[in-house]
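At position 95 of the sequence shown (counting the first as 1) the number is 95 in the working numbering, and the numbers step up by one without a gap.
No lab work stands behind these hints, which were simulated from the structure alone.
Computed from a prediction, not measured in an experiment: that's the story for all the values here.
The beta carbon of each residue, even a glycine, is placed where N, CA and C say it ideally should be.
Keep in mind that a hint or two might mislead.
[Stated by the list, open to error] With beta-carbon atoms standing in for the labels, derived distance ranges:
id, residue 1, residue 2, range
1, G405, A465, 38 to 44 Å
2, P453, L318, 16 to 22 Å
3, P453, V509, 46 to 52 Å
4, L145, I75, 19 to 25 Å
5, V509, T294, 53 to 59 Å
6, L375, R149, 25 to 31 Å
7, Y57, S147, 20 to 26 Å
8, R338, G230, 29 to 35 Å
9, L375, P481, 23 to 29 Å
10, G405, L127, 49 to 55 Å
11, I75, T97, 27 to 33 Å
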Amino acid sequence: MRRVPTWACTPVRPSRTEALAILVAVATALLVAAPVISIALLALQPEPELWQHLIAYVLPQALRDTAALLIGVGIVTLTVGAGTAWLVSAHDFPGRTLMLWLLPLPLAIPTYLAAYVYVDLFEPLGLVHRALATAMSLPGAIGWLPSLRSLPGAIFVIGIVLYPYVYLSARAMFQHRSADFAEAAKILGADRWTTFRRVSLPMARPALAVGLALVSLETLNDIGASEYLGIRTLTVSVFTTWLNRGSLAGAAQLSLFMLAIVAVLIAIERFGRREGSVEFSSENPRLAPRTPLTGARGWLAFTACLIPALLGFAVPLLYLLRESLRRGLLSMETTVWRDAGHTIALAAIATGAALLLGLVVIVAQRWRASRLTNLSVAVAQTGYALPGTVLALGLLTPVLFIDNGFSKLAGWLSLASPGLVMVGSGAAVVIAYVIRFLAVPTGFIKAGFEHIPVDYDDSARAAGAPAITTLRVIQLPLLRPALFGAVIVVFVDCLKELPATLLLRPLNVETLATSIYQYASRGSFEEGALAALLIVAASIGPVVWLTRFADVPQGPV
Numbered sequence: 001m002r003r004v005p006t007w008a009c010t011p012v013r014p015s016r017t018e019a020l021a022i023l024v025a026v027a028t029a030l031l032v033a034a035p036v037i038s039i040a041l042l043a044l045q046p047e048p049e050l051w052q053h054l055i056a057y058v059l060p061q062a063l064r065d066t067a068a069l070l071i072g073v074g075i076v077t078l079t080v081g082a083g084t085a086w087l088v089s090a091h092d093f094p095g096r097t098l099m100l101w102l103l104p105l106p107l108a109i110p111t112y113l114a115a116y117v118y119v120d121l122f123e124p125l126g127l128v129h130r131a132l133a134t135a136m137s138l139p140g141a142i143g144w145l146p147s148l149r150s151l152p153g154a155i156f157v158i159g160i161v162l163y164p165y166v167y168l169s170a171r172a173m174f175q176h177r178s179a180d181f182a183e184a185a186k187i188l189g190a191d192r193w194t195t196f197r198r199v200s201l202p203m204a205r206p207a208l209a210v211g212l213a214l215v216s217l218e219t220l221n222d223i224g225a226s227e228y229l230g231i232r233t234l235t236v237s238v239f240t241t242w243l244n245r246g247s248l249a250g251a252a253q254l255s256l257f258m259l260a261i262v263a264v265l266i267a268i269e270r271f272g273r274r275e276g277s278v279e280f281s282s283e284n285p286r287l288a289p290r291t292p293l294t295g296a297r298g299w300l301a302f303t304a305c306l307i308p309a310l311l312g313f314a315v316p317l318l319y320l321l322r323e324s325l326r327r328g329l330l331s332m333e334t335t336v337w338r339d340a341g342h343t344i345a346l347a348a349i350a351t352g353a354a355l356l357l358g359l360v361v362i363v364a365q366r367w368r369a370s371r372l373t374n375l376s377v378a379v380a381q382t383g384y385a386l387p388g389t390v391l392a393l394g395l396l397t398p399v400l401f402i403d404n405g406f407s408k409l410a411g412w413l414s415l416a417s418p419g420l421v422m423v424g425s426g427a428a429v430v431i432a433y434v435i436r437f438l439a440v441p442t443g444f445i446k447a448g449f450e451h452i453p454v455d456y457d458d459s460a461r462a463a464g465a466p467a468i469t470t471l472r473v474i475q476l477p478l479l480r481p482a483l484f485g486a487v488i489v490v491f492v493d494c495l496k497e498l499p500a501t502l503l504l505r506p507l508n509v510e511t512l513a514t515s516i517y518q519y520a521s522r523g524s525f526e527e528g529a530l531a532a533l534l535i536v537a538a539s540i541g542p543v544v545w546l547t548r549f550a551d552v553p554q555g556p557v
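Go ahead and model the full structure; you've got the sequences and the hints to work with.
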């Protein structure tokens, strides 16, 4: 258990610096909670006629599609993620080291990009169709093409790029398998499959619950892939109710329903992790050795790991590179570089703001642990659970309220109206990014502080050093790996974010993600291949960084 600093237990009045940190932490928690409060207030407006239409024509299909998509994607990611994690953690086979680097890479492919790529590949006269036509007639080849604009197609596309969430969490558990459990199962006559099913899989339940929860939240947040593939999820319904029917209240009411589903998913994840701690023997803390797989079994294991990596990463990447080169899109005479500038600027500002707020929130808890600071940390980490569409809807009213305040202030000062300052400047997009991804820096920094002994705080305080000096001289240098990790993960997440950007960006301003969406909406996604390639290229580095940790040493055979 982490020891609380002795000075934090004394009823000493907080310094100005500490009081300011607590104030900023509380304000940050209120910022994260603001969209949910706004949605709740919007939902109080009655919309009886709209709900008659929604109940009759929208909700039944939306609920069916959402439930089927969540279940289907969950099954795909659990099967692929847990299966590949078990293979690389429990076995040695040819190419295993390569698979350790390749298997997480589909995280670099946003779901909407995968949807656009695979539809282009498998549509009539697409690359796959033309390849099949070399062996049969064009009409005959169409019958062999899978229908990706369907629920099974959406499950495949989304599942094949989201399985790394389950893979990474499951592998973290599988590679720490205790030799005691494996040997006990072997003594009792259990074979490898029985040991996996009866011992390893139940022990990995907490990790699998975390991975599946992340997959479900990402699936619920998705709008680009679902809409493009013709799946009418609740997220798409919120989007169309807001923009097509012009009903903010109806969209808010649907959003509250989505938030209830999010709460259920989080509750399921908590339930899956209950009593989930696994402890190794303190007398014999050996890890189970990996089982060598040779010959046909080794190559089957290699193939089983290679296929998801190819389908989830290599195929989209090679397609985007081919289209970019074939169409000469790498020249400087394209608007993609302007859109890239918008994207980098918004992502950089949001990353800096999220990092600063996340640091202050955790530091306030470190300096003055109390119910208030603990609650602030808990609320600040809930933003990731908000789907981008819901977050944009919840921010709309507060942002417009601030813009109206600026206009009234300008009128009171007899100045020209500044217009939509928050929306027109892109500040609304930055705020949405900060709220949605604030959980990343708070999580990284909190984990970093867990590795800094509180004795350092006590020693600095005893020497008369102010808390801010301790932070600057001692703690920040030790937090550099955590801060660096938070920066790259938040920055790339901002690059890929589509729903919130699409709904809150300034007029006539496109980012890489929204530019790709516009091309796909017009049926010419291949023209946005360079923008898509830039997003993927920027995402590869952080994903590789996530896999930089070496294997834990295996136990003796």
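Requested in this report: State, for the Cβ atoms of Y57 and S147, whether the hinted interval 20 to 26 Å holds or is violated.
Outcome: holds (24 Å)
Report task. With respect to the beta-carbon atoms only, verify the hint that L145 and I75 lie 19 to 25 Å apart. Result -> Holds, at about 24 Å.
Query raised in the report: Does the hinted range 53 to 59 Å hold for V509 and T294 at CB?
Result: The hint (53 to 59 Å, Cβ to Cβ) holds, given that V509 and T294 are roughly 57 Å apart.
Report task. Mind checking the hinted window 38 to 44 Å against the Cβ distance between G405 and A465? Result -> For G405 and A465 the Cβ distance comes to about 41 Å; the hint holds.
Report task. Could you say whether the range 16 to 22 Å given as a hint is met by the Cβ separation of P453 and L318? Result -> violated (48 Å)
Query raised in the report: Do the beta carbons of R338 and G230 sit within 29 to 35 Å of each other?
Result: holds (32 Å)
Query raised in the report: Does the Cβ pair P453, V509 satisfy 46 to 52 Å?
Result: Given a distance of about 47 Å, which is inside 46 to 52 Å, the answer is holds.
Query raised in the report: Is 23 to 29 Å a correct range for the gap between the Cβ atoms of L375 and P481?
Result: holds (28 Å)
Query raised in the report: Taking the beta carbons of G405 and L127, is their distance inside 49 to 55 Å?
Result: holds (53 Å)
Requested in this report: Take the C-beta atom of I75 and the C-beta atom of T97, compute their distance, and say whether it sits inside 27 to 33 Å.
Outcome: Because 29 Å falls inside the window, the suggested range holds.
Query - Range hint compliance [Cβ, L375 to R149, 25 to 31 Å] - result: Since L375 and R149 have Cβ atoms about 45 Å apart, the given range 25 to 31 Å is violated.
Going through the hint list in order, the structure does not satisfy hints 2, 6.
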